[in-house]
Every structure is written in C-alpha cells, then in structure tokens.
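Taken in sequence, the protein lines are chains X, L, R, C, P and F.
If you count by my numbering, then the first sequence holds residues -19 to 234, one letter each, in order.
If you count by my numbering, then the second sequence holds residues -19 to 234, one letter each, in order.
If you count by my numbering, then the third sequence holds residues -19 to 234, one letter each, in order.
If you count by my numbering, then the fourth sequence holds residues -19 to 234, one letter each, in order.
If you count by my numbering, then the fifth sequence holds residues -19 to 234, one letter each, in order.
If you count by my numbering, then the sixth sequence holds residues -19 to 234, one letter each, in order.
Note that these hints are calculated values from the structure, not bench results.
One or more of the hints may lead you astray.
No copy labels: a pair is met if it fits in one copy or bridges any two.
Unchecked claim - In the DSSO-like style, the derived pairs of lysine-lysine whose C-alpha atoms are separated by at most 27 Å in a straight line are:
| hint | residue 1 | residue 2 |
| --- | --- | --- |
| 1 | K181 | K92 |
| 2 | K92 | K204 |
| 3 | K65 | K214 |
| 4 | K214 | K64 |
So you can see what is in the structure, the chains are spelled out below.
6 protein chains.
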Amino acid sequence: MVPADRDLGGADLANIVNEAALLAVRRNKEKVGMAEFEEAVERVVAGLEKKNQLMNPEERKIVAYHEMGHAIVAHTSPGTDPVKKISIIPRGIAALGYSLQVLTEDRFLMKKTELLNKIATLLGGRVAEEIVFEDISTGAHNDLARATDIARSMVKEYGMSERLGKVYFSREKRQQFLLMAPEGAQEYSESTAEIIDDEVKQIIDEQYERARRLLLNNREVLEKGAKKLLVEEKLETEELEALMASVRHGPEDA
Amino acid sequence: MVPADRDLGGADLANIVNEAALLAVRRNKEKVGMAEFEEAVERVVAGLEKKNQLMNPEERKIVAYHEMGHAIVAHTSPGTDPVKKISIIPRGIAALGYSLQVLTEDRFLMKKTELLNKIATLLGGRVAEEIVFEDISTGAHNDLARATDIARSMVKEYGMSERLGKVYFSREKRQQFLLMAPEGAQEYSESTAEIIDDEVKQIIDEQYERARRLLLNNREVLEKGAKKLLVEEKLETEELEALMASVRHGPEDA
Amino acid sequence: MVPADRDLGGADLANIVNEAALLAVRRNKEKVGMAEFEEAVERVVAGLEKKNQLMNPEERKIVAYHEMGHAIVAHTSPGTDPVKKISIIPRGIAALGYSLQVLTEDRFLMKKTELLNKIATLLGGRVAEEIVFEDISTGAHNDLARATDIARSMVKEYGMSERLGKVYFSREKRQQFLLMAPEGAQEYSESTAEIIDDEVKQIIDEQYERARRLLLNNREVLEKGAKKLLVEEKLETEELEALMASVRHGPEDA
Amino acid sequence: MVPADRDLGGADLANIVNEAALLAVRRNKEKVGMAEFEEAVERVVAGLEKKNQLMNPEERKIVAYHEMGHAIVAHTSPGTDPVKKISIIPRGIAALGYSLQVLTEDRFLMKKTELLNKIATLLGGRVAEEIVFEDISTGAHNDLARATDIARSMVKEYGMSERLGKVYFSREKRQQFLLMAPEGAQEYSESTAEIIDDEVKQIIDEQYERARRLLLNNREVLEKGAKKLLVEEKLETEELEALMASVRHGPEDA
Amino acid sequence: MVPADRDLGGADLANIVNEAALLAVRRNKEKVGMAEFEEAVERVVAGLEKKNQLMNPEERKIVAYHEMGHAIVAHTSPGTDPVKKISIIPRGIAALGYSLQVLTEDRFLMKKTELLNKIATLLGGRVAEEIVFEDISTGAHNDLARATDIARSMVKEYGMSERLGKVYFSREKRQQFLLMAPEGAQEYSESTAEIIDDEVKQIIDEQYERARRLLLNNREVLEKGAKKLLVEEKLETEELEALMASVRHGPEDA
Amino acid sequence: MVPADRDLGGADLANIVNEAALLAVRRNKEKVGMAEFEEAVERVVAGLEKKNQLMNPEERKIVAYHEMGHAIVAHTSPGTDPVKKISIIPRGIAALGYSLQVLTEDRFLMKKTELLNKIATLLGGRVAEEIVFEDISTGAHNDLARATDIARSMVKEYGMSERLGKVYFSREKRQQFLLMAPEGAQEYSESTAEIIDDEVKQIIDEQYERARRLLLNNREVLEKGAKKLLVEEKLETEELEALMASVRHGPEDA
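With these hints in hand, go ahead and build the complete structure from the sequences.
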C-alpha cells in the first residue's frame, strides 16, 4: 500500500524543477542556479517529511486489512509463492505497509495463470477494504496501476487475448530510447484501442471478482490476521503459516 | 478564492520569457541577455503589482460569501476537519481570501467519502455566490480546477467509478520525468475518454447539488457569517465555532 | 483595431529566425551568426515599416466606424466602464485605432455579465462595419481572438456553461512552464470538445446579435461620432460624454 | 508560377541537413563538421542549378497562358489593383514567370471582396491552363497554397464564414514563439474541423468557377496576350493596358 | 525465446537515466554527474544479474518445446532454410533459448511466401506451448513483436494486401533521422488504420493456424525433440536432420 | 529495385545511434564517445556489407523482369522519356538493378498525364513480377513509396483531384524548417483524410491496372528482354531500341 501522493519519480521531481524556476524568477536571476535548486529540494522534501509521521488509528486499521487481503489471495492462488512477511510499519516515503512475497521477478517466464494470480493478489488489498469497511480508500492506487500494467501487457504484448489474437501492439516500447520523434505514438486504430480497453477491463473485473469470492470465503482469517497485525505490527513466516492453515480455498480455485 | 489571472507558475512566467525575447529582438540583440530578462520581469511584475491593490466593496462582498460557503460545507460534511480561520484580506498575488482548514494533506490515506466532501467544500464557494448574488464570478476557477482534479483522480487512479472498474488510466503520470517521448499521451480509447468525462461530470454535479442544498438549508448562517467577515475581515476559531453551532446538517448528511 | 498581419510576438519573430537561417545557408555558413540575424531583423522590420504609413481614406473611414462601434456597445452595457478616449491615429505597428476604456484589468474578479459585456464590446467594432458598409474587413481579427478567448475561458475554466457544468477543462494550462511532455494535450473526449465548441459559438453569436441590436438602435450616434472622428482624429472624454448622452439603451439592456 | 520542387525554405534545407549527416556517418565522424555541411550545400545547390536552365517551348507556352490568366482575372476584379508587368523569364530558383501587381500588402485592412478577388486572381493561372490545354500542370501548386491560406484565414481568423460565426479558431498562432509545448495543436473538435474544410473548399470552388467564367468570356484577350508574351517575353504597363482595354467584365462582375 | 522484461535498448536504459536523476536529486546536485550515472548502471545491471540465473525445471521444459516448435515449422515450410542448431542454454541477458536458422537476412529480396513462412516459424514457439501445456507463457512476446513487424511491413510497405492495394503507408519512416517535427505522425485516415489492423491480424491468425496444424500433425517429433533437448541441452545439425526426417509435411503444405 | 532494408537515411542511422548508446552504457561511460560511435558504425556497416554480395539466381531473375517491366511501361507511355540503359548489377547498397531514364527532373513543370505515366512506370516493376512469377517480392517497396508520394502530391498539392478541388492540403510542408512546434500536424479533418486516402488509392489502382494491361499486351518483349538481361547483365540504348521496336502500344494508349 503506497500513499496516493508519493510518486517521487514523477510529480515530486517536477515540483522541484518548477519550484527552482519560480525561485530564480523571483530573484531576477537569469538562470536557475545551485542555490535555487537546493532550496527547492528542501522545500519539497520538507513538505514530504511533514507527511511522513505516524498513521492515525483508522489508517492503521485500513492498512492492516488491506495487507491481509493481499496475503490471503496470494495464499489461495495455486502456483503463487506464499507471503513470507507482512508489516504495517511505514517504510520511508515508499510504502505504508507491505506483504513480502518471494518475488516472481527472478523468474524467466510467467505463465498466463500466474499473471492472473498476480493481478488478483494485487487487487486483494482493495477487495479487503471494500468487504470490511463501508468506504474505500486511495490506498490501492498503486496496486491498481500495477494490475493494469500486467493486464495491458497480457493483451498488447503477450498475445493472451482471444479477440486481439497474437498481434503485438506495443511497438513504440522498443523505440523509446532513440530520442527521436516516435514513429507514431499509437500505431493502431481507434477501434483496436477500444477492444484493448475492453479486454483489459474484463481481466481486471474477473480477477477482482475472484479475489472478492476468495476473501468472503475466508472472512475469519482476514479478521483474525488483521487484528493480530494491528497488535504486533508485523507477522513473520511461521505466524503467517499458522494463520493460513485454516484458509479455505473454496470452489473458485479447487 | 484565487483571482482568475494569477497563475504565476504558468502564464506569467511565459509572459516573462516572451517579453524578454521581444525586447532582445527590438534591440537587434542576438541573444536574450540579463538586461532584457530583468526588464521583462519588472514589466510583468509591475503589471501584477498594479492589480494587487484593495478590492472594491462589491468584490469584498463576493469574497466574504464565497469563503463562508467553503466553511459551512466543510462544517456540515461529517469527517471533514472544521475550518479554523477565514480571512478576506488578500495575501500577495496568491489569494483574495482563504478558509484555513486543518489540512487533510498530512493524511496517509483518503477515503472516498472524504474526497467527495473535499469536492463539495471546494464547490461551496461558488454555490454561495450563486445563491446570494444574481451573478456568478470568475473567483471560483481555481476551486473548480482542484475539484476536477480530485474527481479525475477518483475515476482514473483510485478505481472509484463503477463504470470504469478498477482499471488505472494515468499511466503516463509516472513517466513524465523521463524527458523522453511519452509512450502515448493518452493510452485509452476515445470511448473510454467519453466515459471518464461523464463520470467526472457526474461526481462534480452531485457534490455541487449537495453543497447547494446544504447552503440553502443554512442561509442564515451564511448571511450572518459573511456580514461579520465584511466588518471584521477575519474570523478566528472561536468566532467560527460560535457561528457554526447553529448550522443545520439537514436531511442530506444526517 | 489591429491590422491582420501584425502579430509581432508570433509570425514576425518566426520570420526573423527563418530569414536568418536562410541567409546563413546561402552564405555556406555553418551557423546563423550575428550578421545574419541583424540582416534578418532589418529585412523583416523594413517590411513592417513599409506598411506603417498613412491609411487610405477608405481605411480611415472603416476604422472610425469600427472604434465607435466598440465605444457605443461599451456605453450601453450596464456595469461596463465607459470609453474615455477614441483615436484613429495609427500607433506604431500595434494598432490602427483604439478606444481607451478604463480597463477592467485591475479588477480582482469578473462577473459573468461583465464578461459577456466585454465580449459584446469587442464584437461591436465588427458589427459597426457590417451595419455601415456593404463589406466587412479583416480589421476585427484581433477582437474576435480576444472575444473567443473570453468565451472559451467562461466555458472551460469558470464553470459558466450549463451543459458542461462546474468541470474545469484546461488542466494543461497550469503545466505549460514545466518544459516537459504535457500529460495530454487535450484531456477530454471528442464529444466534450464538440460541446465546448457549441457553447463558445452560442456565447459569441448571442453577444454579436446583442451588439447588432444596440448599434442599429443607435445608428445616429454611430454616424455622428464616426464623422467627428474622421475630422478630429480623436475624441476625448468630454466630447465622448456629450455624444453618448443621446444613446438609447433600448429594450435589450433596460 | 513557381516550380513544384522549389521550396527552399523547407525540403531543400532539410535535404542539406540530411545530406551532411549522411556524409559525416560515411566518414566515421562523430559530428557533422564544416566540411560536410559545405559539401552538402554544394550537392543540393548543384542539383537545383542543374534544373535552372531554359524552359522547353511547351513549358514556356504553359507559363505564358498561366500568367495571362492571373492578369486578366486581376483586371476584371473591381477594386483589385491592375497588373503592371508580366514576365516569362525565369527569375533564379524562385519563379518561372510572374505578374507584377501593385501589391495590396501595404494596405492596413483587407475587405472580404478584396480577399475573394485575390483568391480568384491566384486561381486564374490554373484556370487558364485548364481552358487552353488538354492537360493541367504542377505549376499552380504555390498559387493553390496561397489561395488556400487566404481562404483558411477568412474562415478561421476573420469571422467571414456564416456557418462558423465570429469565433476565432487559430489560437495557437499567437503562441508559436513561446518555444513550449503548445496548449493543444488543434483546439477545436473534429466536427468543427469538418465544417472548416467545407467552408474553405466552398470559397475556393466558387472563386475558381468565377475565374473560369471570366476567362472563358475573354478567351481572345487571353490568346492574344499569351502569344505576345511568347514573342516578347515580357509585357510592360502600357502594352498591358492596351491589351486589357478590350476585356469584357461580363455578367459576373458588372 | 526472449524473457519478457529484457528490452535493454528500451526500458532498462530508461531506468538507468531515471535512477541517475533520482540519485542526483537526493544528493542535492544540480546535474547528473559521472558518479550518479555509474551507480545507476550498477543498480540496474545488478537487478538484471540477479535474474540471470538458471531456469527452473518447468521453465526449461517450456523453452525446449518452444524452440522445437520453431524448428519444426521452419522445416515444414517449403523454401525456408532448415534450423541448424537448437539450444536451451540461456545466453546472457539476451535469450533463454534459440534456434539457429541459416538466416534469410543476407537475401536481397524476400518473396511473399517466404515472409509468411517466417511469420509461421516465429509463431511456432507459442503454438507448441499451447499444444503441449495447459497454459501459455510470456516467452513468445518477442516472437509476436517480430511477426507483427513483418505482417505490418507486408501490408504497409510491400503492397501485399489486396484491400489496401499498392499504396505505401510508412512515409514517416524515411524521415525519422531528420530530427525535426514529423510531417504528420500518421499520414492516413482512421478508416485506413482500421483496415491495416484487420489485414495484419488476418495474416497473423492464418499463419498461427497453419503452424498449429503443422505441429499437431507432428506431435511425436515435437515430443521426441523436446525430450532430447531437455537431456542434451543442445541439438546440432546432424541430430536435427535425423529428427526431422520423420516430419510429416501434411496436407497444408504438400 | 531497391532492397527492402536499405534505408540508410533512416533505420540504419538510427541503429548506429542506438548501438553507440548501448556500447556506452555497457562500458559505464557517461557519454557516447568517439570510440563507441566508430564501433557502432563498423557493426552496422559490417551487417550491411555481409548482405552486399551476389544475388542468387532466383533473385537475379526477379530483378531482370522487374527492370524490364519499368522499361516497357515507360516506353509505351506517350510523352515519357525512353529508358536508355538497364542494368542488373547491384550498385553498392543503393540498388539491385536500375533502369536509366532521361530523367524528367530537369523539367520545370510536370503535366498531370506525365505524373500518371511516372506512377505507371514505377509500378511496372511490380506488375512484371506479378505476371511472370507465382509470387511477389519485397523488391518494389521503394517504387511503391515513390508512386504513393507522387499520387499524394497530385491530390494534396497540385489540385488534381476532382473530389478535393483546388484546395492545398500540405501547409505544414513549408514550415518544417522553423524548428518550432508545428501549427498542427494535420490541418484537415478526419473526413478529408479519408477522401485523400481514397483518391490516392484510386490513382495507384488505375495506373497499376494500366501497367498490367500494357505488360500483358507485351509479354514477349518482356520475356525476350529479361532473358537477354540475365545473359548480358546490362542493355544499352541501341539494344533497348531494337527490343522496344516490337512493343505494342495497345488499345490503352493508342
């Protein structure tokens, strides 16, 4: 779970540049100098630090259920590596909580089922919020971005959509280092763009629904785990294994 | 309430650059030098300073009702932090008046209801103008921009629209610092763009209507507060609390 | 009234750059040097100076009626500051004639009615041409640009269109100084773009029609003022006040 | 009449740049140096010079009728300045022939009728080719570009189209010197773009048809003038006046 | 077979640039220096190296069948050069396995049938996965990109589509070195873009189906070859010739 | 006839730049230096040289018929300059074979019929392949590009399409040297873009069909000439004249 306004690589850096430019202008300087740049960094970083304090109790609760949601869906997805550790102690500006999976990233290949499981696991946090609380939060925005990225790649690069066939639709990706005018930002028709949108949405919708059924089916584990997390702040491998022992894999994934 | 032509970060700086270029050309100079740049800054800043005088009585009246509108909607939105101070003394070039809320910005997470309340609060200023005066003003343009930004994020980044589902639609945001040709300015189809527009408009419309009902329901507080503001120029926490004590939360948010 | 080819900030400067580049190439130079730049400026400026002579009698007549058109519409628009001075002596390359209004630009806020009046006043010059002469001229092109800008802002930034609601549609404006790939040149759908076009056109059409009725209703003042202008070349405050005393505000704005 | 491949400002310069880059690569140089640039200029210029020889008899004939076409339409358009000189001696790389009009460019204002006459005059060359020869040539391409530019400005900048009204559609023009991401390359909807295309085409079609009727009505003067031109290579004011004395202005412009 | 996240030319390099920029900002440096660049390279390369270990048994199995798929389709495509060597030993970051064909790349011309065979051969890997395993993997993504590129060139550059005729649709390709604003990213209409998409999809679909029939018809060779590969890790020319001797070319290509 | 992957001006140079960038990164260098650039050039050029060997017999046969196709269509197009020399000896990386026409490029004007003849001549090579061989090759791709360029200019710049009229549609062409944001990459509506596509396709289709009828009508000359070319490798003016003497101009161009 990543806070909604923590994209340091994007907006924050843009702010720094902009802030420095503004400072330079206010000082009637012709160029943005070292001084302005430093001051701009301080201002923006200070703004970030101010935010970097303890979460309030309600937020901690949301984060706890959110992270347990990820863990249970991961656990019930056959072939998905189990979560080894969960924490709700914020780590720097990067994350409010996290579920440590033995990452699939040192894998050479990903199978379609694995990609779908990964999407369901990413959506599991939001699903947990929706089930437990009356309200949903902004905390899932990074999960949604990653789940969407995977779904888009399945559809545009891995040939995993029936409707679109084995055609590859991300040609521009390979050209982005060339530093020249791209051959065409989007090399497919509007009607193809619509099918891509439909296919991506369908993948996300199906996995969201699957994650929802899984968590509804395991409401007690979700509650028990979240409550434990709120007390202990993190759960290590053995505690998690004990918790997950009572998970019902349900009709969806038998 | 921010004046309509005060985007120092945008148009003003562009004017400075342009002004300097024009000066350089008029002087047959090959490059825009320090001299031109300074003169351009002076011209533009002077243009701004000229504007930075006292508001006329009618403007003060609009600002007073506008700021009270923000405050009352904030007060009647459960879970929204109350406004602690209102002022109608212009602050530099940045604002004509302001309502100081204990900002939600040091929050880690925002819930959907909170985002909707924030939108309604932002729209409250314009609603007050519409209720009290025959005419509406340009003073809400910054409020509208911020309310629209929140609504767009709800729909495109936080998965808070039923019709669009949990798909994330702002992929480019994370790439804007890369300084390279974007992978596609808009990575969704025209038909998706239309749904996004519809969803954003619906959120804004609903919150505007809710703010309107709330303020109509509390017309006396609005009048009393605005009149007090016009006399005293600012209202501190205690005065505001006294004022708000008689606010009716009405059927909309009970 | 600004001549059609006097956008010094745009086309002229582009011409200078282009002219210099062409000179450099013709001289087999690798770079555009000081010499080429100076010569280019001279050529372009000379081209402009050549044009900067006396208008012919027919042009003077068009300008006189055009400026009177602005003045009468401004006078008959309640709440609009009256025109203090009119001149048909060309001022440098910037204008053929002008009507000096106590500008609304040191105002903090603009009301919707004021914006509409401003649009009608801008269109008044062209309306006068259409009423008086069989033919219309290019002289209104800058007025049309400014009127369109105001109408677009009303619709896209100030939430003053019923159909589009309180949504803000100019997000990119705030980002134009960032010097990075814009997040999307146009962040709304084609169908929204169509509504924006319709709304802008309707505002312009209505104010044009209003200005037309006002000037038809005050044809004698228009004639009298224009003839006086052709003789005296400028009209100061007192002369204008005397002239405007007989203006009929008519059914449209009573 | 300008030859079809003589856009020195555009394609030729691009060729020079490209040629120089190619040379640098072939020589394993890291940068395009002075040497490559000079050689590239020579190659491209040589290519142009080769073309800059005498026209063949058939081409001369086409040019003669083409230029006479311009002259007669200009003569029969009331309010248009008469052509003072016609020549079919190629001038450098810029033109194959020309008709010297007392230019309207030192005018402050252009009336709608004058713009239409200018378009008709520009199209007159092509009309003459179509009437006299079985075949049409590429020689009119620059005339078409200029006529289209005028028609587009009438429709997009001068408010001279009934269907589009007094709206201004070239906002970007004023921003092209800002050297920043444009606010939107095209700030109007596709449906507006279609109307603009229709209106421009209609203006061009009507003036083409008018020029055609005028020249058909004055076929003898066209023949007589062209034949004279082919013998004498240029016609000065007096010769032209004598020729034009017998022009019939016809029903179209009486 | 190339792993899905190994586009060193694109994403990885972008990561390095981005990483270096982030480091510079964190160190309050005004510019990205040598130090940051080196550290960024190390980080990204380290991330890659971590991945560059042995494949797990299931992955090796997928790769073996995938590569045999390529080889058999190549063998059964008349006129296609036979595969000379197959390996499932990962080579650096570039490939998981490979089938060494005597490349057609030192050919001057390619015939339509050869291009279609090349597409079928590229798709053969994915087809093999689909036939043998319940699940498909990301391993074909580079094959799909290359097959799509060939199909697009057939349709847009080689005039090999009945519906599109002999028109050439990739004009921008020749201009991409010019380093200037492209004349139009896409110089054809949306309706043409749709036909292009359809034609490309049809080519890919047909060759996929052909490859599928071929491999179904040669299931035993596929199994035998893949098993041998899993034991011996590579197959040289003679072993391959022996294997392929029993391939049935089937009704599809007789 | 130009091989399909020989666009040195475009893709190859892009490859060199990219290759150099990759080398620099692999060597942990901050900048692409001379060394990397040289090595990159060598790699790419070596890749090209490898290809630059003798054509195989089948390729030579295709080239021979292809070049004869150009020559016969040129010969039978009235007003087109005859081919003076044909060769099937590859010339560097630029061409596999060529037909030397006395070029029309030192012409000042091109007539519509001449442009159509030029298109038919360009398409003649591909037509010959289609008539003689069961299969078509990539060898015509450059011919198609040039024929399409001419057809597009006829339609967009020379006013030679009935449906589009005398409107000029390539405004951006004149602005490409300005090095600034173009005023609009495509200044016409989607519906106009569709008509342009249709008109271009119709021109190409008609000339392709005409070339086909001409070559079918002269099959013997085609065979005789191609066979002679395969033996002698080139045909000079006199041999060609003898060959062409028996060409039948057929009903199409009588």
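Notebook entry, point to check: Is the C-alpha distance from K214 to K64 at most 27 Å within one copy, between copies, in both cases, or in neither?
Noted result: within (11 Å within a copy, 37 Å between copies)
Check: Given identical chains, is K65 near K214, meaning Cα to Cα at most 27 Å, within a copy, between copies, both, or neither?
Finding: within (7 Å within a copy, 41 Å between copies)
Check: Which holds for K92 with K204 at a C-alpha limit of 27 Å: within a copy, between copies, both or neither?
Finding: between (32 Å within a copy, 26 Å between copies)
Next item on the list: Indicate which option fits the pair K181, K92 if close means a Cα-Cα distance not exceeding 27 Å: within, between, both or neither.
Entry: Both ways: K181 and K92 sit 16 Å apart in one copy and 21 Å across, limit 27 Å.
Consistency with the previously given hints is maintained throughout, with no hint failing.
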